[in-house]
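Asks: Taken in sequence, the protein lines are chains G and Z. For the first sequence, the positions run 0 to 334 when numbering that gives the first Met the number 0 is used. For the second sequence, the positions run 0 to 344 when numbering that gives the first Met the number 0 is used.
If you are wondering where the hints come from, they were derived from the structure by calculation, not from laboratory data. Everything numeric in this text was worked out from a predicted model, so none of it was measured. Be aware that a few hints might be false.
To be verified - Under the rule of at most 30 Å between Cα atoms (straight-line distance), these lysine-lysine pairs were calculated in the DSSO-like manner:
1) Z:Lys198 with G:Lys158
2) G:Lys235 with Z:Lys222
3) Z:Lys225 with G:Lys127
4) G:Lys250 with Z:Lys142
5) Z:Lys79 with Z:Lys264
6) Z:Lys326 with G:Lys250
7) Z:Lys225 with G:Lys235
8) G:Lys127 with Z:Lys161
9) Z:Lys60 with G:Lys235
10) Z:Lys198 with Z:Lys60
11) Z:Lys161 with G:Lys250
12) G:Lys1 with G:Lys127
13) Z:Lys222 with G:Lys250
14) G:Lys127 with Z:Lys198
15) Z:Lys33 with Z:Lys8
16) Z:Lys145 with G:Lys250
17) Z:Lys78 with G:Lys127
18) Z:Lys33 with G:Lys250
19) Z:Lys91 with G:Lys250
20) Z:Lys33 with G:Lys161
21) G:Lys250 with Z:Lys146
22) Z:Lys222 with G:Lys161
23) Z:Lys142 with G:Lys127
24) Z:Lys8 with Z:Lys142
25) Z:Lys142 with G:Lys235
Said to hold, decoys possible - Beta-carbon label-pair distances, calculated as ranges:
26) G:Tyr325 with Z:Lys161: 18 to 26 Å
27) G:Leu139 with Z:Arg63: 33 to 41 Å
28) Z:Thr207 with G:Ala132: 19 to 27 Å
29) Z:Ser180 with G:Leu226: 45 to 53 Å
30) Z:Tyr343 with G:Leu226: 23 to 31 Å
31) G:Asp170 with Z:Lys60: 51 to 59 Å
32) Z:Leu77 with G:Ile199: 37 to 45 Å
33) G:Asp232 with Z:Leu77: 20 to 28 Å
34) G:Pro259 with Z:Thr124: 57 to 65 Å
35) Z:Gly344 with G:Ala132: 56 to 64 Å
36) G:Leu188 with Z:Asn133: 42 to 50 Å
37) G:Val261 with Z:Thr124: 54 to 62 Å
38) Z:Ile303 with G:Leu6: 25 to 33 Å
Positions of the beta carbon are idealized from the N, C-alpha and C atoms, including for glycine.
What follows is the residue order along each chain.
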Amino acid sequence: MKLWQYLIRRVMLIVPLLIGVSLITFTVSHLVPGDPARLAAGLHASPETVEAMRHRLGLDKPLPVQYYLYMMRLLHGDLGTSIMTRRPVIKDIMIRWPGTIELTTAAMSIIIILGIPLGVISATHRDKLIDHASRIFSLLGVSMPSFWLALILQLIFCKYLKIFPVGYRIDPAIGLRRITGFNVLDSLLTLNFPALVNSIWHMILPAFTLGFQGIATVQRLLRSNMLDSLTQDYVKLAKAKGMPERIVIYKHVLRNSMIPVVTVLALMFGGMLGGTFIIETIFSWQGLGRYGASAIINLDFPAIMGVTLIYAVIFAVANLVVDILYAYLDPRIRY
Amino acid sequence: MPEVLLRVKNLRVNFYTYAGVVKALDGVSFEIYKGEAFGLVGETGCGKSVTAASILRLVDKPGRIVDGEIIFEGEDLLKKSEREMREIRGSKIAIVFQDPMTYLNPVLTIGDQIAETIREHQDLTVEALEIERNEYHNTSAEKPSKKALREAVLRRVEEALKMVRMPDPRVVIDQYPHELSGGMRQRAMIAMAISCNPKFLILDEATTFLDVTIQRQILELVKDLKDRLGCTLMIITHDMGIIAETCDRVAVMYAGTIAECAETKRIFSKPLHPYTRGLLDAIPLPTEDVKVLKPIPGFVPNLINPPPGCRFHPRCPEAMEVCSRVKPELREVEPGHQVACHLYG
Ligand SMILES: Nc1ncnc2c1ncn2[C@@H]1O[C@H](COP(=O)(O)OP(=O)(O)OP(=O)(O)O)[C@@H](O)[C@H]1O
Ligand code: SF4
Ligand SMILES: [Mg+2]
Numbered sequence: 000m001k002l003w004q005y006l007i008r009r010v011m012l013i014v015p016l017l018i019g020v021s022l023i024t025f026t027v028s029h030l031v032p033g034d035p036a037r038l039a040a041g042l043h044a045s046p047e048t049v050e051a052m053r054h055r056l057g058l059d060k061p062l063p064v065q066y067y068l069y070m071m072r073l074l075h076g077d078l079g080t081s082i083m084t085r086r087p088v089i090k091d092i093m094i095r096w097p098g099t100i101e102l103t104t105a106a107m108s109i110i111i112i113l114g115i116p117l118g119v120i121s122a123t124h125r126d127k128l129i130d131h132a133s134r135i136f137s138l139l140g141v142s143m144p145s146f147w148l149a150l151i152l153q154l155i156f157c158k159y160l161k162i163f164p165v166g167y168r169i170d171p172a173i174g175l176r177r178i179t180g181f182n183v184l185d186s187l188l189t190l191n192f193p194a195l196v197n198s199i200w201h202m203i204l205p206a207f208t209l210g211f212q213g214i215a216t217v218q219r220l221l222r223s224n225m226l227d228s229l230t231q232d233y234v235k236l237a238k239a240k241g242m243p244e245r246i247v248i249y250k251h252v253l254r255n256s257m258i259p260v261v262t263v264l265a266l267m268f269g270g271m272l273g274g275t276f277i278i279e280t281i282f283s284w285q286g287l288g289r290y291g292a293s294a295i296i297n298l299d300f301p302a303i304m305g306v307t308l309i310y311a312v313i314f315a316v317a318n319l320v321v322d323i324l325y326a327y328l329d330p331r332i333r334y
Numbered sequence: 000m001p002e003v004l005l006r007v008k009n010l011r012v013n014f015y016t017y018a019g020v021v022k023a024l025d026g027v028s029f030e031i032y033k034g035e036a037f038g039l040v041g042e043t044g045c046g047k048s049v050t051a052a053s054i055l056r057l058v059d060k061p062g063r064i065v066d067g068e069i070i071f072e073g074e075d076l077l078k079k080s081e082r083e084m085r086e087i088r089g090s091k092i093a094i095v096f097q098d099p100m101t102y103l104n105p106v107l108t109i110g111d112q113i114a115e116t117i118r119e120h121q122d123l124t125v126e127a128l129e130i131e132r133n134e135y136h137n138t139s140a141e142k143p144s145k146k147a148l149r150e151a152v153l154r155r156v157e158e159a160l161k162m163v164r165m166p167d168p169r170v171v172i173d174q175y176p177h178e179l180s181g182g183m184r185q186r187a188m189i190a191m192a193i194s195c196n197p198k199f200l201i202l203d204e205a206t207t208f209l210d211v212t213i214q215r216q217i218l219e220l221v222k223d224l225k226d227r228l229g230c231t232l233m234i235i236t237h238d239m240g241i242i243a244e245t246c247d248r249v250a251v252m253y254a255g256t257i258a259e260c261a262e263t264k265r266i267f268s269k270p271l272h273p274y275t276r277g278l279l280d281a282i283p284l285p286t287e288d289v290k291v292l293k294p295i296p297g298f299v300p301n302l303i304n305p306p307p308g309c310r311f312h313p314r315c316p317e318a319m320e321v322c323s324r325v326k327p328e329l330r331e332v333e334p335g336h337q338v339a340c341h342l343y344g
């Protein structure tokens, strides 16, 4: 099968995925206790107002009917109106998704930039001091909850050292024209250097917190893969051919050891999307995670549904990218 | 008197394992003459691969060369720096291993794996400049362009693949190991080994995993390459049949020692060491029924606590009292025929 045929098939598979995700989210979010009509109408509204609100939101209809109507509107690109913001959910999402993509991309970059070298150093300096140090670091990484880490980092770097800002994506005093919604990209496009520095500055702490566990995971996995690969016969042959250490490690060993790491990176991306709910909230980051978190607190059904569906799409696309990368790394895989 | 290419003298290799010190090579000595095909034969675990690894100075981790000399072209390889050894590996001394599936890197193309050897060891400036001049019509170039260099390497890769009679070399260059058959993979590994015109080529069980027809083809190829390239061969095997077909001289190894060393004809016509005799009895003659194959009784000894004296004495039908006490030295009993056995001293 050709790559493009495979791509088309994979993209089409996203449709049943979305139906499944929407069904589950719809059911679960309507089964949790709480009355969104009451929340929307206000705590002091009269029962009549609440009933009117319930009717207006369509919450008085049976669940299957509600789901059917929702899906029909979804086909026309209508995700309903948010109960919290009273704006179309699709608009809310359009404003916020670049923030989340920017944050997760930054976190992913940090994982790759730190995790891979740490793994390589650990493996090539096995049982030396530097290996122990980076293993302790990764042990901390996998055992520290991210919300706790976020608070500690905020305390140290924002409150005491005052190096990093506490929250938001950019200092509001810096004007930045919105083109794509990606701050880094927009500041590059408008050649706005202060905005570029400022938005990267805002990104470092939340991205690091979001990626911290990932760094540790990649480091550990890569270390053990490389140690395993170093004992393989093809390494013996590479050495017997007189290949220098550098080529043995970076060409023969690393390439083979990266294959499982790429799979884990894909899984991690999903975990990170979940993590944005907490991290974006703690760092007041204007993105889908924070939006989703307050939607859950406010039982804002249309917003919850919208965020979930968008996350499912992002996750599916990320997986697709990884699968293609995987085929590039491992020639034994063909579609 | 033929010229000696490689002289291994009193080589000792230990593996320091948790279970104890494995004395894998216990004073191995032999000489290989320029241009000959030398065989190293013995049961599994007797130290053939460790001997080969020692020559390349690539003994695996818990192992260490503790004593001896390996004189190649008059210089002791054990005294060379790691850097000097790296220049020798793959260029002057090359090796072909037994299982091309695991020894070839699964994620790199065959062409890439051959090319990296050439790039590492060969200066192709002259060839590349020629390409630059004749094909890119760039007569003023003093240094070849990257493109011309790449082309020069590619041609050498193709040449190597043609040397091993690889079908469709141009296609194979871009293929991955899993896309080739076992025989083709072994040809690719041989192409890699000969790509820098080595003086000395070691084949460690290079045909063991191949079926009989392909095994025959590969052996023919190796003999042919030896003549065309003028290199010296060391053929490691546990198969006396292969030795008979391909080798000029042979050393029989037993439990980390050389038991006997002589011309192949002589070993087959007049084996002296009881172990060699047992080995020859153990190969079925084509006329014989395979059922009458006579295995040597007993087990290969454990090399952590090897038997004292002659390591073969617990299995030797002719063992004497002295055998369990004194280690027999390898000595020449007739011109060109060395044996390590108390029966001949
Ligand atoms: N990594 C290792 N750790 C411990 N002992 C080892 C190691 N490698 C080899 N040995 C020891 O060295 C001895 C010789 O091994 P070697 O691989 O040279 O045997 P061989 O003659 O090549 O056998 P085969 O026909 O199976 O390839 C073995 O008996 C084993 O005990
Ligand atoms: S030295 Fe003794 S035990 Fe060893 S082979 Fe000769 S006769 Fe047998
Ligand atoms: Mg072996």
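Asks: Give a verdict on every hint.
Replies: Tested hints:
no., hint, verdict
1, Z:Lys198 with G:Lys158, "70 Å, violated"
2, G:Lys235 with Z:Lys222, "25 Å, holds"
3, Z:Lys225 with G:Lys127, "45 Å, violated"
4, G:Lys250 with Z:Lys142, "27 Å, holds"
5, Z:Lys79 with Z:Lys264, "36 Å, violated"
6, Z:Lys326 with G:Lys250, "47 Å, violated"
7, Z:Lys225 with G:Lys235, "24 Å, holds"
8, G:Lys127 with Z:Lys161, "46 Å, violated"
9, Z:Lys60 with G:Lys235, "12 Å, holds"
10, Z:Lys198 with Z:Lys60, "27 Å, holds"
11, Z:Lys161 with G:Lys250, "26 Å, holds"
12, G:Lys1 with G:Lys127, "47 Å, violated"
13, Z:Lys222 with G:Lys250, "33 Å, violated"
14, G:Lys127 with Z:Lys198, "39 Å, violated"
15, Z:Lys33 with Z:Lys8, "17 Å, holds"
16, Z:Lys145 with G:Lys250, "20 Å, holds"
17, Z:Lys78 with G:Lys127, "27 Å, holds"
18, Z:Lys33 with G:Lys250, "35 Å, violated"
19, Z:Lys91 with G:Lys250, "23 Å, holds"
20, Z:Lys33 with G:Lys161, "74 Å, violated"
21, G:Lys250 with Z:Lys146, "21 Å, holds"
22, Z:Lys222 with G:Lys161, "75 Å, violated"
23, Z:Lys142 with G:Lys127, "44 Å, violated"
24, Z:Lys8 with Z:Lys142, "46 Å, violated"
25, Z:Lys142 with G:Lys235, "34 Å, violated"
26, G:Tyr325 with Z:Lys161: 18 to 26 Å, "34 Å, violated"
27, G:Leu139 with Z:Arg63: 33 to 41 Å, "37 Å, holds"
28, Z:Thr207 with G:Ala132: 19 to 27 Å, "45 Å, violated"
29, Z:Ser180 with G:Leu226: 45 to 53 Å, "32 Å, violated"
30, Z:Tyr343 with G:Leu226: 23 to 31 Å, "49 Å, violated"
31, G:Asp170 with Z:Lys60: 51 to 59 Å, "55 Å, holds"
32, Z:Leu77 with G:Ile199: 37 to 45 Å, "55 Å, violated"
33, G:Asp232 with Z:Leu77: 20 to 28 Å, "24 Å, holds"
34, G:Pro259 with Z:Thr124: 57 to 65 Å, "41 Å, violated"
35, Z:Gly344 with G:Ala132: 56 to 64 Å, "60 Å, holds"
36, G:Leu188 with Z:Asn133: 42 to 50 Å, "49 Å, holds"
37, G:Val261 with Z:Thr124: 54 to 62 Å, "38 Å, violated"
38, Z:Ile303 with G:Leu6: 25 to 33 Å, "58 Å, violated"
The earlier numbered hints that this structure contradicts are 1, 3, 5, 6, 8, 12, 13, 14, 18, 20, 22, 23, 24, 25, 26, 28, 29, 30, 32, 34, 37, 38.
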